[in-house]
Amino acid sequence: MAADVKTAQPLQYYRKFIEKDVRPDERTLEEFRPTVLNIGCVTTAEGSALVKLGNTTVMCGIKAEIASPKTEEPKKGYIVPNVELGPLCSILFRPGPPGDQAQRLSQFTNDVITHSCCINKEDLCIVPGKYVWVLYCDMVCLNYDGNISDACVLALLAALKNTSLPKVVWDEDTETIETDHNTTTQLNIICEPVSSTFSIFDNEVLLVDPTVEEESLSTGEVTIVTIDDKICMIRKPGGSPLTPQQLDLCINRSFIRSQEVIRLIQETLNSVDR
Amino acid sequence: MADHVGDASKIVYMPGDFVENVKVSEKTSKAILGPGLKQDGDTVMVTKPGLLRHKEPNIYWIDCHSRRYVPVRGESVIGIVCAKAGDVFRVDIGGSEQASLSYLSFESATKRNRPDVKVGDIVYAKLLVANKDMEPELVCIDSTGRSSGMGVIGRNGGFLYKCSLNLIRKILSTNCPLLSRLGKQIPFETTVGMNGLIYVRARTTVQTITIINAIAASEYMDNDQIISMCKKLADTFTMVQ
Amino acid sequence: MKMSEQKSGSQNVLRLMVCEMAHLSRPDGSATTFQGDTCVMTSVYGPTEVRMAKEQIDRTTVEVVYKPKSGLPSCAEKSLENIICNTCENILLGNAHPRSAINITVQEVQDSGSFTACCINCCCLALLDAGIGMKCTMAAVNCCIDNEENIIVDPTRKEEEQSQAVLTFAFDSKDKNIITVITKGKYSQQQFQKCLVLCRDASDSVFKFYRETMEKKLSKT
Chain C
1 MAADVKTAQP
11 LQYYRKFIEK
21 DVRPDERTLE
31 EFRPTVLNIG
41 CVTTAEGSAL
51 VKLGNTTVMC
61 GIKAEIASPK
71 TEEPKKGYIV
81 PNVELGPLCS
91 ILFRPGPPGD
101 QAQRLSQFTN
111 DVITHSCCIN
121 KEDLCIVPGK
131 YVWVLYCDMV
141 CLNYDGNISD
151 ACVLALLAAL
161 KNTSLPKVVW
171 DEDTETIETD
181 HNTTTQLNII
191 CEPVSSTFSI
201 FDNEVLLVDP
211 TVEEESLSTG
221 EVTIVTIDDK
231 ICMIRKPGGS
241 PLTPQQLDLC
251 INRSFIRSQE
261 VIRLIQETLN
271 SVDR
Chain V
1 MADHVGDASK
11 IVYMPGDFVE
21 NVKVSEKTSK
31 AILGPGLKQD
41 GDTVMVTKPG
51 LLRHKEPNIY
61 WIDCHSRRYV
71 PVRGESVIGI
81 VCAKAGDVFR
91 VDIGGSEQAS
101 LSYLSFESAT
111 KRNRPDVKVG
121 DIVYAKLLVA
131 NKDMEPELVC
141 IDSTGRSSGM
151 GVIGRNGGFL
161 YKCSLNLIRK
171 ILSTNCPLLS
181 RLGKQIPFET
191 TVGMNGLIYV
201 RARTTVQTIT
211 IINAIAASEY
221 MDNDQIISMC
231 KKLADTFTMV
241 Q
Chain W
1 MKMSEQKSGS
11 QNVLRLMVCE
21 MAHLSRPDGS
31 ATTFQGDTCV
41 MTSVYGPTEV
51 RMAKEQIDRT
61 TVEVVYKPKS
71 GLPSCAEKSL
81 ENIICNTCEN
91 ILLGNAHPRS
101 AINITVQEVQ
111 DSGSFTACCI
121 NCCCLALLDA
131 GIGMKCTMAA
141 VNCCIDNEEN
151 IIVDPTRKEE
161 EQSQAVLTFA
171 FDSKDKNIIT
181 VITKGKYSQQ
191 QFQKCLVLCR
201 DASDSVFKFY
211 RETMEKKLSK
221 T
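Chains as they are written, first to last, in our numbering: chain C, 1 to 274; chain V, 1 to 241; chain W, 1 to 221.
In case anyone wonders, no lab produced these hints; they're calculated from the structure.
All C-beta atoms in this analysis are idealised placements derived from N, C-alpha and C, irrespective of residue type, glycine included.
Mixed in with the good hints, there may be bad ones.
A few chain C residues that don't get close to chain W, going by computed Cβ distances all over 12 angstroms [said to hold, decoys possible]:
#	residue
1	Phe17
2	Thr28
3	Glu31
4	Cys89
5	Asp171
6	Pro244
7	Leu269
Chain V is faced by these chain W residues, among others (derived, beta-carbon under 7 angstroms) [claimed, not checked]:
#	residue
8	Thr48
9	Leu93
10	Gly131
11	Lys174
12	Arg211
13	Met214
14	Leu218
15	Lys220
With the hints as extra help, turn the sequences into a complete structure.
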């Protein structure tokens, strides 16, 4: 009976739960799903991480390459994030070139890295004007169950913390570079951006960490990226209007979440080192 | 559609505004809300920008400037036949969907006696079915089965011109002197479709184009300016002939 | 169609806004908006035919195409299109025209600061020109926080580049609630609240500008 209502009238089904301040998966409206983090799982990559946010699974791998810098910034390396949403993760996606949502997520992660300044791009410089490190960050979604943005940002941050670049020696006489894979230096991460996504249900109720069903019923979405006690980015592209008080509640909740996530990353890194 | 009620209302209403003091009729205690107005609980909300018009006792609507036609049941429109599909013609009336016009909706048309309509012809028809959820349907006969001026037009030449919807409403209103004054000097035949299309045919090409230009120019003119424009045209024509 | 004159970049006021409507003969609605030196041109077609793949049975499909001044569209442009599309979808009466599309094309003419806000305002004016049913109008305001912690509403491009954060807000005309927020750079929660309050007050002038523009357009008839 409940399954029939859920298929035929999903909105009514959800409303019955929301009235009692709970969701069908037994979470409260402010609870994130259990987050599992695995760092350093891909040995062939310079850095990698696997994130499971409930059922949503994202794997991030970072490969470093040496290339010539952009002409307008000869002393800075660059980071190229790319999000892949393939048919593997959900029936919503078709094989082929990246769709709208994948492009938006790639742009979003790019904005998070640029505006948070979590990496000093001058650290990636080998020889100014000639050789710099380029970090290709590929985030592949393995299971799509909503809230991809949070999972991607977390996977990217964890993978960057795990990244170590080989030592490069620049020989001035022969004008060549030699890479020494035995000595590696850890990438220096200045700050840790953490993202929290809220979906707006029925123009009024805010749900934290929506699943894919909640996303399909939502009337709007807000994503807040925080670093320590500052806000790095707030993205609310249209959707139901919110009052400033509701936005404040979201910001407070994201600060709490950011502390939980940083603790999680720290614990995982410690266990990897051991 | 009721007449424009003068220039009494000069207040421009924007979407999201509320209309106050809406009068209701004594008999039915209801107010009739036309295009651009919507009922929002107990209040009347404006959904299109424009001037508020009121016809006594209880009819209100917003006079909005637009070019895109949205099909409304009962309106007479000019359509262009785009395709034949089975037993219906597909007619482009300028809306979001093409309308269908059945073979049998013409005067004295039967299953054996097909109407002489080809792709590319212009038809003057009435909307029988027009709502937001269904494909619009046209007919070229009235309820008694007579064509009363509807059907294929423009077989003998003429000019089809697209203009904005408010110009059409202005021309068709009873107090607009444009068509009658133009007709006094230059005899012409015209069909006006509520979807923004006007068909004009006069004796010569020059006269046809003059009339079209006069109609287009009258978009931003009030009645006095229209009368003086027609007078000027009349003088030019008497000089030429 | 002009607002009273203000200097660019001063604390709580917007730059001069100018708008020209219905200057393109083919689209159902068009508007060119100047905010100081920033200029955007928008055209609207709708309600019109929609491709089967994008058809929605209960509402209108809004499609936005953004054309930068030079270069091919890339991911950043897609992001701006998504922002404009979701913002416009929110104010349009979607249920009035199901299985139809409203196509909005936004052309960048000049970017001298407050670009996202100018795009959203221009879209709203073009939708008003086309006479498509809307629940309310929307006004967007940009502001930035410079290195001395001052908040500048409607900054110029130079001020934006030298600032530590740029925030764009879009408000609806009914309750002045927040439809859209897009921010770049780092700032504290208190600074965010201050920017929100300043931009909300500044949006009054944008709504007033819309009204004056429509009055001028309709006074011609």
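For each hint, the structure was consulted:
no.	hint	result
1	Phe17	holds, 24 angstroms
2	Thr28	holds, 23 angstroms
3	Glu31	holds, 22 angstroms
4	Cys89	holds, 20 angstroms
5	Asp171	holds, 37 angstroms
6	Pro244	violated, 6 angstroms
7	Leu269	holds, 24 angstroms
8	Thr48	holds, 5 angstroms
9	Leu93	holds, 6 angstroms
10	Gly131	holds, 3 angstroms
11	Lys174	holds, 5 angstroms
12	Arg211	holds, 6 angstroms
13	Met214	holds, 5 angstroms
14	Leu218	holds, 6 angstroms
15	Lys220	holds, 5 angstroms
The structure fails to meet hint 6 from the earlier list, while all remaining hints are met.
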